[in-house]
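Q: Chain by chain, the residues run as shown.
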Amino acid sequence: MKLKLFTLLLGVVLLAGSCDEQEFGFNVSKEVALEIPVAYEVDEVIASLGLNPPATEERLVLGEVDAFSDALSDAQDLGEIVLNSIAYEITDVSTAEETPLDELTISVEAGNQIIELIALDGSLRNVPKTNIALTQVQLDALINELSATGNDLNTIVNIDFQQSPSEDIQLNINMFFDITLKIRQSLN
Amino acid sequence: MKKLYIIIVFVFGSFATQAQDFDLYLEAGASDANKLLENYFAPAFKGFGYGLNGGWLNTAKPHKSLGFDITISTSLARVPDSDLLFSFVNSDYSNIQLRNGSSADIPTFFGPRTNPDNLPELVVNPGTTEEFRFTAVQGFDIEEEFQLNAVPAVMGQLGIGLFKNTELKIRWTPELEIDDEGSSFKLIGFGVLHDVKQWIPGLKLVPIDLSAFVGYTSMTTEYVIDANPSNVQKGVFDVNGLVIQAMVSKQLSILTLYGGVGFNSSTTNLTLQGDYDTGTIDLPNDPIDFNFSTSSPRATVGFRLKLAVLTIHADYTLQEYNLITAGVGLSVR
Chain D
1 MKLKLFTLLL GVVLLAGSCD EQEFGFNVSK EVALEIPVAY EVDEVIASLG LNPPATEERL
61 VLGEVDAFSD ALSDAQDLGE IVLNSIAYEI TDVSTAEETP LDELTISVEA GNQIIELIAL
121 DGSLRNVPKT NIALTQVQLD ALINELSATG NDLNTIVNID FQQSPSEDIQ LNINMFFDIT
181 LKIRQSLN
Chain W
1 MKKLYIIIVF VFGSFATQAQ DFDLYLEAGA SDANKLLENY FAPAFKGFGY GLNGGWLNTA
61 KPHKSLGFDI TISTSLARVP DSDLLFSFVN SDYSNIQLRN GSSADIPTFF GPRTNPDNLP
121 ELVVNPGTTE EFRFTAVQGF DIEEEFQLNA VPAVMGQLGI GLFKNTELKI RWTPELEIDD
181 EGSSFKLIGF GVLHDVKQWI PGLKLVPIDL SAFVGYTSMT TEYVIDANPS NVQKGVFDVN
241 GLVIQAMVSK QLSILTLYGG VGFNSSTTNL TLQGDYDTGT IDLPNDPIDF NFSTSSPRAT
301 VGFRLKLAVL TIHADYTLQE YNLITAGVGL SVR
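Chains as they are written, first to last, in our numbering: chain D, 1 to 188; chain W, 1 to 333.
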């Protein structure tokens, strides 16, 4: 259904008619999954010289993914949007691709600030779905960016290997945004 | 998709002056949506069924031959506190589950207007890519709005005296066109009040009236949502009520005191007919089909004032949904 639910919410109609002002509403929540494919191409020269390869960066503009931005922008007219949690998982890393890392980071660029979500060291490996601990301030900054019209929220994946892998690597990083839309209507 | 709330608003008139988008329920599939909505609206449907059985009588004395009355009554069926919430149990549903726990009490239509942040969260299509969650629907807190948790019903009827102290009561409207789309309303009901005292030796001289009554009412409302001939979408609300009652009354000048005991039952059916598309799931034809049945013993006490041909009456009925009724009429013979 992806973000169908938010589209559905656009059809929410509350008919006014009660005697006094009361708040009527409900919450609708969905965990939105976004896939970030990462492709690392081995530099033959660096690999042959055994040098520490430069970091690779992948960017995904969330606002262009799956009507995410449009749905949230529309939904914002209906109520408050709350980002409950963010989780991630790393998949499709084969045993042969488990290369030592200097660091793997996943960050989001909200406006002019960069919020680091994950910093992974050790070896590149599959990671099961894991919640990311964020402060409320960080969550608020993210949801403000997500729901802003014409948002420019980017996810940035940075991979820095200690030494060059022997072959190209392809993996997926899945991000999960658990979002609640609080529909509220004061009835007069 | 056409909104189910139109039906709900239509059926309950002034009650449903606020409505929520029930499309979200339909995303759980027709079967689960039916169960959830049926539980949510049960008090309103049951109350209407009880209300339909009200207002039949305001004396145990049948009209004399060719005597008649025209009476209009309004009944309020009080929703008991036990029906302000209903128990949601996971095992009753296939595609919708509580996010936490296996059962929870959630508001019915007449229940409290709890802040959604404090209501249980329901997961639709759990474990699938279609999964989403929504909070249980708030009640409309009717008591807060109108100072009384009750379902209203208005009835008009004609009573005609026949023979042998027997009176025929008729509730009837022709099929009324409500709008240009073909929406309609019709009502029919019959009742027979018969003086049984005349058949019981020794009772003839007792200065009271004693009668037996049986009454049946059927009301059908059709609301056409979309009259497109290729896919007529409409809601049909059908209510049938039966009441059987022994009545006793005593006339004291202009005042008549009356009371009775008996039994009443009702069946209520609401269907949403036609093909509907939520955009994400296939719904069967006629996706909504609610059925409610009520039955309860009843005991009534009331009074009637008769000023020349004008009558004013009020009574109270003890039953599952207690009923308060008041009305006015014109009565001759």
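Keep in mind the hints are simulated off the structure, nothing from the lab.
The structure presented is a predicted model; accordingly, all values stated were derived computationally and were not measured.
Warning: the hint list may mix true and false statements.
To be verified - Only pairs whose alpha carbons sit at most 16 Å apart, straight line, appear in this in silico EDC-like list of lysine to aspartate or glutamate:
| hint | chain 1 | residue 1 | chain 2 | residue 2 |
| --- | --- | --- | --- | --- |
| 1 | W | K197 | W | D179 |
| 2 | D | K182 | W | E175 |
| 3 | W | K186 | W | E175 |
| 4 | D | K182 | W | E121 |
| 5 | D | K182 | D | E116 |
| 6 | D | K129 | D | E89 |
Q: Is it true that the CA of D:K182 sits at most 16 Å from the CA of D:E116?
A: violated, 27 Å
Q: W:K197 and W:D179 were given as a pair; does the straight-line alpha-carbon distance stay at or below 16 Å?
A: Cα-Cα ~48 Å, so violated.
Q: Check the hint pairing D:K182 with W:E121 against an upper bound of 16 Å on the C-alpha distance.
A: Holds, at about 13 Å.
Q: Assess, step by step, whether the Cα of D:K129 is no farther than 16 Å from the Cα of D:E89, and give holds or violated.
A: Holds - the C-alpha atoms of D:E89 and D:K129 are around 4 Å apart, at most 16 Å.
Q: Taken at face value, is the distance from the CA of W:E175 to the CA of D:K182 at most 16 Å?
A: Distance ~44 Å between D:K182 and W:E175 Cα, so the pair is violated.
Q: Tell me if the straight-line CA distance from W:K186 to W:E175 falls inside 16 Å.
A: holds, 5 Å
Hint compliance for this structure: hints 1, 2 and 5 are broken, all remaining hints hold.
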